[in-house]
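2 protein chains.
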Amino acid sequence: MKTKQLIYKLHSTDGQARRGEVHTAHGSFQTPAFMPVGTYGAVKSVSPQHLNELGAEIVLSNTYHLMQRPGVEVIKAHGGLHEFMGWNKPILTDSGGYQVFSLAKKRKITEKGVTFNSPLNGDRLFLSPESCMQLQLNYGVDIAMVLDECTPYPVKKEVAATSMELSLRWAQRCRDSFVSANSSLFGIIQGGVFSDLRDESLAKLTAMDFEGYAIGGLSVGESKSELREIVSYIAPKMPAEYPRYLMGVGTPLDIVEAVEQGVDMFDCVIPTRHARNGYLYTSHGVIKIRNSQYKNDLDPLDSQCSCYTCNNFSRSYLHHLDKTKEMLGSTLNTIHNLHFYLNLMQDLRGAIETGTLQAFVGKFKETWNNLKDPNINRE
Amino acid sequence: MKTKQLIYKLHSTDGQARRGEVHTAHGSFQTPAFMPVGTYGAVKSVSPQHLNELGAEIVLSNTYHLMQRPGVEVIKAHGGLHEFMGWNKPILTDSGGYQVFSLAKKRKITEKGVTFNSPLNGDRLFLSPESCMQLQLNYGVDIAMVLDECTPYPVKKEVAATSMELSLRWAQRCRDSFVSANSSLFGIIQGGVFSDLRDESLAKLTAMDFEGYAIGGLSVGESKSELREIVSYIAPKMPAEYPRYLMGVGTPLDIVEAVEQGVDMFDCVIPTRHARNGYLYTSHGVIKIRNSQYKNDLDPLDSQCSCYTCNNFSRSYLHHLDKTKEMLGSTLNTIHNLHFYLNLMQDLRGAIETGTLQAFVGKFKETWNNLKDPNINRE
Chain A
1115 MKTKQLIYKL HSTDGQARRG EVHTAHGSFQ TPAFMPVGTY GAVKSVSPQH
1165 LNELGAEIVL SNTYHLMQRP GVEVIKAHGG LHEFMGWNKP ILTDSGGYQV
1215 FSLAKKRKIT EKGVTFNSPL NGDRLFLSPE SCMQLQLNYG VDIAMVLDEC
1265 TPYPVKKEVA ATSMELSLRW AQRCRDSFVS ANSSLFGIIQ GGVFSDLRDE
1315 SLAKLTAMDF EGYAIGGLSV GESKSELREI VSYIAPKMPA EYPRYLMGVG
1365 TPLDIVEAVE QGVDMFDCVI PTRHARNGYL YTSHGVIKIR NSQYKNDLDP
1415 LDSQCSCYTC NNFSRSYLHH LDKTKEMLGS TLNTIHNLHF YLNLMQDLRG
1465 AIETGTLQAF VGKFKETWNN LKDPNINRE
Chain B
1115 MKTKQLIYKL HSTDGQARRG EVHTAHGSFQ TPAFMPVGTY GAVKSVSPQH
1165 LNELGAEIVL SNTYHLMQRP GVEVIKAHGG LHEFMGWNKP ILTDSGGYQV
1215 FSLAKKRKIT EKGVTFNSPL NGDRLFLSPE SCMQLQLNYG VDIAMVLDEC
1265 TPYPVKKEVA ATSMELSLRW AQRCRDSFVS ANSSLFGIIQ GGVFSDLRDE
1315 SLAKLTAMDF EGYAIGGLSV GESKSELREI VSYIAPKMPA EYPRYLMGVG
1365 TPLDIVEAVE QGVDMFDCVI PTRHARNGYL YTSHGVIKIR NSQYKNDLDP
1415 LDSQCSCYTC NNFSRSYLHH LDKTKEMLGS TLNTIHNLHF YLNLMQDLRG
1465 AIETGTLQAF VGKFKETWNN LKDPNINRE
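Order-wise, the sequence lines are chains A and B.
Residue numbers for the first sequence follow my numbering, so the first one is 1115 and each next one is one higher.
Residue numbers for the second sequence follow my numbering, so the first one is 1115 and each next one is one higher.
The shape of chain A in the complex, shown without the other chains (with noise of 0.2 Å):
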């Protein structure tokens, strides 16, 4: 059963790229919005303090995580997620399908669900898609994520094939079995690859009637090209009155890029992770605030960012903190790279608005093109 609780409205579009915001029973978020990641019912390093004073407007969980610490039965005494973890904005939930796949040990899949060995405890754990949606349901998130099967790269066809349609079939148990009056569930388009499976799923998936719709299955070791090509075959194709929200990318580039696609969400723990090992984004490129060559640095990392670390930091100091390991050093850094993600998706927003996004995405990758991110994206 379907429930209207998330309104998309688009405001305005500059060739495929969409200007919009998305209302929830938490607030509302514009997008095209980057989401941080709190994969235990925490950014890193950072409060929902923080997040507010970074303009953060939505964060993702994930329900893999949850339901072994704290376990649901935590949250749902505290009257769901937002509460435990004092973030009263919108949350999403990743539904756990691609945890189970990249962290779980002796998996075993059938119809009915996801057999599992907790990493934690060696508990032998079960994920139904009915069970999956209960949890996100407990958990009381704004936007609660289909369980997939999370296609493994490289995969022949055929395999390919048949995972997505398992997906395809748990997507609709998921949809049947969603009850809420505040939730909203999104379907994941699966199909690795391949554009004609990709057009299969998301056929499918839309005569199921989600709130929204993603791209999965990406940043599993495809390449860039293959990333960018899936993302524009099918990204356009998407339902244009629902958010198209893309799974676990990226680096600034990919966003950008997806952003000329019409994708509106995104996630990634590259800013977050990067930011606890000194790898931090500026207007002119990546600095390495570990490097010794910042030891005397007085200048902040970036002159034209107006974040707290740039405002009251210098490179020196960071280099300082991150040497003496003082968990400073982690949320100062971490502050610094979600503002620039976040600041990142402000620009890409105000440049929709204008029409002139082709001429920001050109500026911008002048600086970033040639930078070689590493390719970690999701916990």
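Check before you lean on any hint, since a few could be wrong.
Label pairs and their calculated CB-CB ranges [claimed, not checked]:
id, chain 1, residue 1, chain 2, residue 2, range
1, A, Lys1439, B, Gly1399, 27 to 33 Å
2, A, Leu1412, B, Arg1221, 32 to 38 Å
3, B, Leu1412, A, Val1293, 25 to 31 Å
4, B, Gly1399, A, Leu1412, 42 to 48 Å
5, A, Glu1467, B, Leu1412, 42 to 48 Å
Each computed DSSO-like pair below joins lysine-lysine, with the alpha-carbon atoms no more than 30 Å apart [claimed, not checked]:
id, chain 1, residue 1, chain 2, residue 2
6, A, Lys1123, A, Lys1479
7, A, Lys1220, B, Lys1437
8, A, Lys1220, B, Lys1409
9, B, Lys1437, A, Lys1222
10, B, Lys1437, A, Lys1437
11, A, Lys1409, A, Lys1439
12, B, Lys1409, B, Lys1437
13, B, Lys1190, B, Lys1220
Since the hints were derived computationally from the structure, they do not count as laboratory data.
Just so it is clear, the structure is predicted and the values come from calculations on it, not from any experiment.
Glycine is no exception: its CB is placed at the ideal position from the N, C-alpha and C atoms.
Given the coordinates of chain A, assemble chain B onto it according to the supplied hints.
Showing chain B alone in chain A's frame:
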């Protein structure tokens, strides 16, 4: 040469206890005051923004640690420690006397100073009264401390006397070489647990005319009753027109008792270090948040506490952050424990102002007298 940058104003007294204010080149702080410890130019796991929101008015940093990392030249290049660490309120630096004796390897003391190996890289380092003053002047701190020999515990009286006398000769050299328009210098009373040695140390330091006086050489292994005895013996005798600082002490109860004896300033790693270990102070006693009893506890740490952590998060969430090793847990715990300490100081100041200190202390002791705090005080 003595400069009169630091002004102590006594507002009121209640018994021996003093309610006052200290003016420095970077503004004033109210006394009795607690100084959060920022050993490496950062209070562990909180930002200057957090410290400002908590109402911290002065922080402590450390000559010994900063001379090794980042090194004095880096701090000097920033224009001083305030600019380096993004903190524009008063800073006091410990001289490193305590740390040389507790942390450094292969130390060799001569009349001239102390030579020791850096625990970081084995570099042979040298600290003399003159170089120690020069370091602190280059840091540009508001309050510098003389270099002293921290007398170990237990020692025979002759050893304590010899050590105290060396500290006195070093104090005179510190006084002679410390020339500043903005920074002030405090003398440190030594003499171990021997009251007549403490008397002699105080008398001779007072004759050197410092801008404040500290009780040093405690929190080195002596018993609580010895600590109490020395503080109650010497604190009331310290010059009334200058701030009185008890170094490296202590638990909430230690602080309350020392305030009763007329001490004005405190520093200790207890609130911040305990926080990182999940050992949290509340108005009803200590909560060890790691304990499984808190897994489902929906209450805030302390329903009477107004800190960010207690306003927004449950014990259950803090337990979860500890279990999942989320850095945010350290930050939220540190905010809470520092709030507890800073709030305690505010309560003590209020009680002195209204002449109700005895009643306040009586009530406080009902809660805290039986609590055994691990005695970890300085880094």
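The hints, checked one at a time:
1. Lys1439/A / Gly1399/B: 27 to 33 Å: 32 Å, holds
2. Leu1412/A / Arg1221/B: 32 to 38 Å: Given a distance of about 34 Å, which is inside 32 to 38 Å, the answer is holds.
3. Leu1412/B / Val1293/A: 25 to 31 Å: Between Leu1412/B and Val1293/A, where Cβ atoms are some 26 Å apart, the hint holds.
4. Gly1399/B / Leu1412/A: 42 to 48 Å: Since the Cβ atoms of Gly1399/B and Leu1412/A sit about 46 Å apart, the hinted range of 42 to 48 Å holds.
5. Glu1467/A / Leu1412/B: 42 to 48 Å: 44 Å, holds
6. Lys1123/A / Lys1479/A: 29 Å, holds
7. Lys1220/A / Lys1437/B: 24 Å, holds
8. Lys1220/A / Lys1409/B: 28 Å, holds
9. Lys1437/B / Lys1222/A: 28 Å, holds
10. Lys1437/B / Lys1437/A: The hint holds at about 26 Å.
11. Lys1409/A / Lys1439/A: 15 Å, holds
12. Lys1409/B / Lys1437/B: 10 Å, holds
13. Lys1190/B / Lys1220/B: Given pair Lys1190/B, Lys1220/B holds - Cα atoms ~29 Å apart, limit 30 Å.
The structure fails none of the hints (numbered hints given earlier).
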